[in-house]
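Using the sequences and the hints, build the whole thing.
2 protein chains.
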Amino acid sequence: MHTMYKKLLQLPLFQGLNQADITEIIEKVKLHFQTIPANTPIIEQEENCTKLFFLLEGSLTKVTNSKDQVFRIEQSVSAPCLLEPQSLFGLAPTYQASYSTISECDIMTIEKSYVLSELMNYPIFELNYLNILSRNTHSLYNLIWENKYTNELSDRFKYFIKSHVDNVDQPITLYITMEDLAFQLNDTRLNVSKMLNELKDRNMISLKRKIIHIPSFHTLK
Amino acid sequence: MHTMYKKLLQLPLFQGLNQADITEIIEKVKLHFQTIPANTPIIEQEENCTKLFFLLEGSLTKVTNSKDQVFRIEQSVSAPCLLEPQSLFGLAPTYQASYSTISECDIMTIEKSYVLSELMNYPIFELNYLNILSRNTHSLYNLIWENKYTNELSDRFKYFIKSHVDNVDQPITLYITMEDLAFQLNDTRLNVSKMLNELKDRNMISLKRKIIHIPSFHTLK
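Those protein sequences? They're chains A and B, same order as listed. Under full-length UniProt numbering, the first residue of the first sequence carries the number 1, and numbering increases by one thereafter. Under full-length UniProt numbering, the first residue of the second sequence carries the number 1, and numbering increases by one thereafter.
It is worth saying that the hints were derived from the structure and are not from the lab. In this text, a Cβ means the ideal position worked out from N, Cα and C, and glycines have one as well. Please note: incorrect hints may appear among the correct ones.
Ranges between beta-carbon positions, derived for each pair [what the hints assert, rightly or not]:
1) A:P12 with B:I144: 16 to 26 Å
2) B:K208 with A:K200: 41 to 51 Å
3) A:P12 with B:V29: 23 to 33 Å
4) B:T177 with A:T40: 52 to 62 Å
5) A:E27 with B:L143: 36 to 46 Å
6) A:R202 with B:V29: 56 to 66 Å
7) B:D169 with A:Y159: 22 to 32 Å
8) A:E111 with B:R189: 50 to 60 Å
Shown next, in the form of structure tokens:
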């Protein structure tokens, strides 16, 4: 019980709850635990989201495909974390990305019905949820209204990456053809190729056919 | 009381509550009413948001300045509506835009403390709030990941507008110099001027010095 208490407290929605609350929650709410072997797909992009999904141990690959399937972005996600709290509500409660296990993973899920009937009765849980959702909209909003100092192609590339990932602190892999990236950045294939090769020569990215890997977003210049 | 009941039911967060709940809410929660004369500023962009702000009667001008103050967008907002539910929570609970009255306006405000201590106890109110916030993040997210069929300058202009307003069903006024718009759209001043004048000749926009007025976003081609 003590371990479970510590584990739950690390999760975004449970932060700030006291041990008595957590004990009560464990009694009332059906927490569903699973251990999943490595290299197993667990969530498909666009699949209905009907439960809160927590990663307790291990790491996942997150893959997001553009709506037109022209490019995709891959990042890893490490425990402890909550996947897509925003996808449980709204008009279209579906997942925004696909996830599969990298290592063996421990996960915990909680049905939406328990979230509404029990968890939301804890003011701290409820406030955590409202804060997370609001923070999500603020960061997307700021991204759209943020300052734009130059129109350098490499800056447009950086902005393109930044606007399509939610964690710039993890390595990023972009799958796209040079032509399609040129289209996204509104420039020529030749200029895009030149820009990418310069970044590669400065060891900021690595390039393979249709694959751009960015080990650290923050060192991109 | 009956009128108040009907009025509250029109507001996004109260939709679906029954008369008994509304009666209880009116007894328990301090609803603060005000009538504000025409042409009065009421909210400043970046001001702290400490209460829910409902427009019950009348209409407001909403002005959003870009972070670098280089451009601004103006739209009107009509009753009944709730202003920026996402600005009450999160790390930076501040307003995203400035508002002033166009006509005489009836407004109702509710302190955040009442929202948390009372209103959130009504499961319908709570679910409405979670759905509104989630919908907000979904629409910003979809905007970023949406299909991109052409790189025509006029399409980039449309996308620029769409990504900076939250209501494409209301007329839009953009204050920006031709140079700054060219910078935003990553094109030349000459091309932008030509594109805008074509739209003007087709009666889709009107142009004044530093002002672009779009009566109907949907007719922009």
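Results for each hint:
1. A:P12 with B:I144: 16 to 26 Å: For I144 of chain B against P12 of chain A, whose Cβ atoms are near 22 Å apart, the range 16 to 26 Å holds.
2. B:K208 with A:K200: 41 to 51 Å: The hint (41 to 51 Å, Cβ to Cβ) holds, given that K208 of chain B and K200 of chain A are roughly 47 Å apart.
3. A:P12 with B:V29: 23 to 33 Å: Hint holds: Cβ distance 29 Å, inside 23 to 33 Å.
4. B:T177 with A:T40: 52 to 62 Å: holds, 55 Å
5. A:E27 with B:L143: 36 to 46 Å: holds, 43 Å
6. A:R202 with B:V29: 56 to 66 Å: holds, 59 Å
7. B:D169 with A:Y159: 22 to 32 Å: holds, 28 Å
8. A:E111 with B:R189: 50 to 60 Å: holds, 56 Å
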